[in-house]
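Chains as they are written, first to last, in this note's numbering: chain A, 7 to 79; chain B, 123 to 632.
Quick caveat, the hints were computed from the structure, so don't treat them as lab data.
Pairs of lysine to aspartate or glutamate residues, derived as DMTMM-like cross-links and limited to a Cα-Cα distance of at most 25 Å, are as follows: (1) Lys-579/B to Glu-41/A; (2) Lys-44/A to Glu-582/B; (3) Lys-44/A to Glu-493/B; (4) Lys-44/A to Glu-567/B; (5) Lys-22/A to Asp-404/B; (6) Lys-579/B to Glu-46/A; (7) Lys-13/A to Asp-404/B; (8) Lys-44/A to Asp-404/B; (9) Lys-135/B to Asp-188/B; (10) Lys-44/A to Asp-571/B; (11) Lys-22/A to Glu-397/B; (12) Lys-558/B to Glu-41/A; (13) Lys-13/A to Glu-420/B.
The structure displayed is predicted, hence computed values, not measured ones.
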Amino acid sequence: MATIQIKAEVSGSVWKIITAVGETIEPGGTIMIIESMKMEIPVICEDGGTVQKFTVAETEAVNEGQVVAVLST
Amino acid sequence: MSAETDDRYETRKAKAMAMGGPEKLARRRAAGVLNARERVDRLVDAGTFIESGLFGTSGSRPEDHDRSPTDGKVAGFGKIDGRECAVVANDFTVMGASSGATNGRKIGHMKRVATSRGLPMVFLGESSGARMPDHMGARGMGALLGNDPTQYARMRETPWASATLGLSYGSSSWYAVLSDFCVLRKGAVLAVSSAQLASLAIKEDVDPEVMGGWQVHAEVTGFADHVAETDEEALAAIARFLSYMPSHHNEAPPVHPVPADSGSAMAGIAKLLPERRTQVYDVRTIVRAIVDTGSFFELKPRFAKVAVTGLARLDGRTVGIVANNPLARGGAMDTDACEKITSFLVLCDSFNIPIVMLVDNPGFSIGVEAERRRAPGKIMNFMQALQLCTVPKISVIIRKSYGQAYLNMGGGRNSDEVAAWPTAEVSFMDPTFAVKIVHGLSPGEAGFDEAFAQMNKDSEAWGIAAIYAVQSVIQPHETRDYLIRMLEVHRQRLTNGVGQHLMRAWPTSF
Numbered sequence: 007m008a009t010i011q012i013k014a015e016v017s018g019s020v021w022k023i024i025t026a027v028g029e030t031i032e033p034g035g036t037i038m039i040i041e042s043m044k045m046e047i048p049v050i051c052e053d054g055g056t057v058q059k060f061t062v063a064e065t066e067a068v069n070e071g072q073v074v075a076v077l078s079t
Numbered sequence: 123m124s125a126e127t128d129d130r131y132e133t134r135k136a137k138a139m140a141m142g143g144p145e146k147l148a149r150r151r152a153a154g155v156l157n158a159r160e161r162v163d164r165l166v167d168a169g170t171f172i173e174s175g176l177f178g179t180s181g182s183r184p185e186d187h188d189r190s191p192t193d194g195k196v197a198g199f200g201k202i203d204g205r206e207c208a209v210v211a212n213d214f215t216v217m218g219a220s221s222g223a224t225n226g227r228k229i230g231h232m233k234r235v236a237t238s239r240g241l242p243m244v245f246l247g248e249s250s251g252a253r254m255p256d257h258m259g260a261r262g263m264g265a266l267l268g269n270d271p272t273q274y275a276r277m278r279e280t281p282w283a284s285a286t287l288g289l290s291y292g293s294s295s296w297y298a299v300l301s302d303f304c305v306l307r308k309g310a311v312l313a314v315s316s317a318q319l320a321s322l323a324i325k326e327d328v329d330p331e332v333m334g335g336w337q338v339h340a341e342v343t344g345f346a347d348h349v350a351e352t353d354e355e356a357l358a359a360i361a362r363f364l365s366y367m368p369s370h371h372n373e374a375p376p377v378h379p380v381p382a383d384s385g386s387a388m389a390g391i392a393k394l395l396p397e398r399r400t401q402v403y404d405v406r407t408i409v410r411a412i413v414d415t416g417s418f419f420e421l422k423p424r425f426a427k428v429a430v431t432g433l434a435r436l437d438g439r440t441v442g443i444v445a446n447n448p449l450a451r452g453g454a455m456d457t458d459a460c461e462k463i464t465s466f467l468v469l470c471d472s473f474n475i476p477i478v479m480l481v482d483n484p485g486f487s488i489g490v491e492a493e494r495r496r497a498p499g500k501i502m503n504f505m506q507a508l509q510l511c512t513v514p515k516i517s518v519i520i521r522k523s524y525g526q527a528y529l530n531m532g533g534g535r536n537s538d539e540v541a542a543w544p545t546a547e548v549s550f551m552d553p554t555f556a557v558k559i560v561h562g563l564s565p566g567e568a569g570f571d572e573a574f575a576q577m578n579k580d581s582e583a584w585g586i587a588a589i590y591a592v593q594s595v596i597q598p599h600e601t602r603d604y605l606i607r608m609l610e611v612h613r614q615r616l617t618n619g620v621g622q623h624l625m626r627a628w629p630t631s632f
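Produce the complete structure using the sequences and hints provided.
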């Protein structure tokens, strides 16, 4: 089992986490939404996987490149 | 001819065709990897390959003469979907397909014929680099390296496509990145030199895939226009790329039949755009709805995802699509996006491909990091490339178009035609920021909502249409028909669809 670190591509604040630990994400699926530059920017999992944990919480500020979730494949 | 002469011919031919021998070929087969001749056979139409240099061997060291069939590089001419092309396929089973004097002459000949006769050029890369020890020492260098002053001079007379299908170092990598289209097969490595040599030089372990694997080139360097799972997929991608291209720069790209259901998604296209301006969407769904069914071939999809670049067809004719993608970082263009778009504009203009730009972005990424990555230079390279394009350019503003990025995406007469959807907003910056700068008000403060409403109204499409700075306001569902008609209006009749190619000598990577 490999793990993938999902990183925020943009700085902002976590608006909504729309998946749950244990949930399987399809390739290209959205894990959470970050509010940045007055827009709702999705955090996307390119290759799909199962959510192991979140490393941020809703309303928390995130920096570009920060790991926000860990998935397993 | 005597029977003896005939036998000698057949014996030598069989030896040349046997490549590096049955054991090496069997190992490749077991690994699921095609050999050089299988790759050529897959690439070209059946029975069309005419080989050049079948009897070439290493000319440097006598002990190599008999163990270097074709000198490790299979070269020749073959038809891809009926069109003549020049092909060089590295044969890794022969001395690691290393570069030597004879195979250097073969590549030089292929390139000269391709360039002077107007044929696309295909490189199938997998090479250990310069042949050792032939290149060692001053005499080795003088005799073998750099005796062709045009070897790496790219003037884009004909399209070049490359596939990196294994370990690729030295000139195999140079030809890959000099090409207009570069596909990497997963498991292949494209780098200057081997991980082993890198480890020796920098005294630390280097993982070849970390150094030059598909993920690096798809996501970090952007060299990979496309990533394939298998050799077969990579070869199919080359054929697909060439299907959009003319054979040379003095003709228009070929016209293909239009799939019957093209345009059938246009009725629902407005629904692909979210109602709230804070919501994002994947612009590729809009691109696919507009262009001929199944014709969108995205390039560099995992690199600089804020910008989408790709080849497609409208009414059977090749177009280059440049689109902002709000799905990634709201579509704000960074320096990687500038480089991605610049190299795509150079490709399109060099091969007479009209450009369609779909605009929805909040501007360029700004800040300390952007400046350190030379944002002003990258933005101007992009801008200059757009202004030097002599192919037709049409921009459609879907939603946001702000600041300098308005110009870079074709606004202000930088496209031949600019159309706006009724949802377009054009201004110098996002109205929220503008209210803060002009009125000193932040969201939630008294007066902000009124000031915001005024700023927002002033950004509407009608304002810019009223002064004819966009030529048309179109309904989203009219976009495909509008583009087809406008591309017809702007077809370069005086030159049979051929542009001036002012960027033909621009770098092949930025």
